[in-house]
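Enquirer: From just these sequences and the hints, can you work out the full model?
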Amino acid sequence: MTLKNYKKLYFILTTIILTFAGCTASNISINNSSNTALIIDTVKAQKFDTGKMWTFDYPPFDYFSETYGFRPTQQWFDDVRKASLKFANYCSASFISENGLIMTNDHCGETSVTQVSKEGENLPEKGFYAEKLEDERPVEGLFVEQLILIKDVTREVQDAIDAGKTSEEKSNNKAKKIAEISSKYRAETKLECSVVSLYNGGKYSLYGVKRYNDVRLVFSPETSVGFFGGDYDNFTYPRYNLDVTFFRVYDDSGKPLKTENYFKWSENGAYEGEPLFAVGNPGRTNRLKTISQLEYFRDIAYPVTLSMLNGAIEAVKDRLENETEHKAELRDNLQYLANSQKVYAGMITGLHDPYMMARKKDFEKNFKAAVDANPKLKNDYGDAWENIAEIRAQLKKLTPTLSAYSLNPLLTSDYFNIAKEVILLAKQLKLPENERLPEYQGEQLDSTKLKIFPKDFSKRKNDILLRAHADLIISLLGNQNELVQKLFGNKTGKAAADYILNNSKIDTKESLAEFLKKSPDEILNSDDPFIYFILNTEDKLKELRAKQNELITKEETYNQKIGRALFEVYGTSIPPDATFTLRISDGVIKDYDYNGTKAPTKTTFYGMYDRYYSFEGKNPWNLPDRWKNPPAEFDLSVPFNFITTHDLTGGASGSPVINKNMEIVGIAFDGNIESLNGDFLFDTKTNRSINVASQGMMECLKDIYKADRLVKELKGTK
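Positions 333 to 1050 (this note's numbering) are the ones given, in order, by the sequence shown.
Since the hints were made in silico from the structure, they are not lab data. The structure presented is a predicted model; accordingly, all values stated were derived computationally and were not measured. It is possible that some hints are incorrect.
[Unchecked claim] Keeping only pairs whose Cα atoms sit at most 27 Å apart, straight-line, the calculated DSSO-like set for lysine-lysine is:
1. K849 - K781
2. K729 - K693
3. K1034 - K450
4. K886 - K728
5. K879 - K508
6. K752 - K693
7. K674 - K649
8. K379 - K930
9. K509 - K879
[Claimed, not checked] Simulated restraints, written as ranges between beta carbons of each label pair:
10. A660 - R487: 49 to 55 Å
11. G821 - L763: 15 to 21 Å
12. G903 - R877: 36 to 42 Å
13. D373 - K992: 37 to 43 Å
We treat Cβ as the ideally placed atom computed from N, Cα and C, and that holds for glycine.
Expert: This is how it looks when you write it as structure tokens:
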């Protein structure tokens, strides 16, 4: 997936979620409802349902030894940790030479590659290689982080929480103590310090990271090769992607960083049966959530998010087809939105799978039984599930209205934002001039009025967003709702959008200018539907948000109870949910059944060219010129991509895949479509990580790109 505008879009999607938050074979047939209960009643939770994202706080020495006959030392874990990096605030990376060379995914580095393109260049399209050290290009604002310090601060944080008498006091105490601990260690160590919650508050760790701010681009392939197959192939396998980019970290004196901790390159790659380890920063999972929380995601949060994504995607696609400007940015946005669309659709499908949910229910049943069997645990934590279920029941009731009244940037058209600005203007004009905000006084007033209608307004985009937004509001509130009737009549889709626009006085620049001639009271009492919507929802929206925050704060207390109980019952035998902090996941190369056949463990360049010719070189299966006629020495049979059983999720893109000798055998860049269930359950049978093979990367660098300097550095030769 593309990372262009990642931070902005990630914030929007996170906002959506917070608004709403608040037998052994998985291919069992459950078509006959009369048999469903019989089958589901026999389903059991499996050993790795909660995943294999192990923390460096609690390394799984015994498990690795028992599973692979390989028992790493603490020094091994320390060396692996220090060679691994967080790339900016959205991906993973690693040191791969003693001179500060780092490796991440092409899709992680794409924004940086665009940023360093000079006038007239299009580096994402053409690719980049710095033939000499002085050609490496600094990326302003880019940083990587190395985890240096880990300290258990559980007792300090939990004592502060327990000192609170109410949910609000507990939450405030927790925040204050975390800020105090972070500040203390930041002053003592000169590291960037933060406290991380693990096991939903069952454990707390202080992480101290060293941040490197001088990062320069060394090599990046063409996006058409890095993201070969585009969104069609995203989350699928077999794959043929050179999804890798190289940067270099420089020290404070402006010289390449000298580091003792780095992974050496394996030219031979990985072989089936050997233990492999993916090390990165997986972003978020919900595997330790309760059944009532998962059902809320399934029935409320995720469907609404998916509906918003569908509408936003329709608008972007239309603009790509009908507008000539901002094509590159629109394509990048579409790729990220489409990626998210697949993710949410996959999670919803998984949460509707009776077999998968039965495994979750069995885990919860066993966990609760273990708590109830211990009088102290039952007394301390036994009420958590029931209370969370009650809170989620209340959230289910208020969320549809809250969602309908909220204006999320992903789906909100400019019409609603114009209405908000008009209302603010009218309210300001009702005040004496000396009490108004500066922009509503004197000579600034006319300028403020002119700015209300967006300069870059696109009617096509806004009308499409309005149609999707109308359908969402109607689906949430129902056709008979008074607000729905006022806004849309009895219409849906385009007809609903046309209805509201036909009754609006602020939908064009000209009509808005005329409307603003009215008095403040006339504006506020007008029957414009957009203004009516804002005025008739803003107070209720504040009330609903306050209630939501109250419930979420209360629920957090019970989440922490479950977290403590989880650690009491299972200890470190199961890993915590992903928290965008450094983890190590074990796995092996392994095939799986799909589409009535079997997926190969690896792909080669032959497959890439077959796909290119099968689609007649059409986008997104097009290739750059240098790839269309590769040199004779380019070996098409070399492994290109391969699959492993590693447990990864968003944020882990760019994770190095290493063998037990700490050698690079690949880099993780995606998961298969079956991995989307991994948000709430890790299924070892079909969940696969997709990686670029070290042999394939080397073959490309050596023969396609003639990147001799980089090849020598990777090989450790001068």
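Enquirer: Hint by hint, note whether the structure agrees.
Expert: Taking the hints in turn, this is what the structure says about them:
no.	hint	result
1	K849 - K781	10 Å, holds
2	K729 - K693	23 Å, holds
3	K1034 - K450	26 Å, holds
4	K886 - K728	16 Å, holds
5	K879 - K508	23 Å, holds
6	K752 - K693	45 Å, violated
7	K674 - K649	16 Å, holds
8	K379 - K930	24 Å, holds
9	K509 - K879	26 Å, holds
10	A660 - R487: 49 to 55 Å	52 Å, holds
11	G821 - L763: 15 to 21 Å	36 Å, violated
12	G903 - R877: 36 to 42 Å	38 Å, holds
13	D373 - K992: 37 to 43 Å	42 Å, holds
When held up to the earlier numbered hints, the structure conflicts with 6, 11 and fits the remainder.
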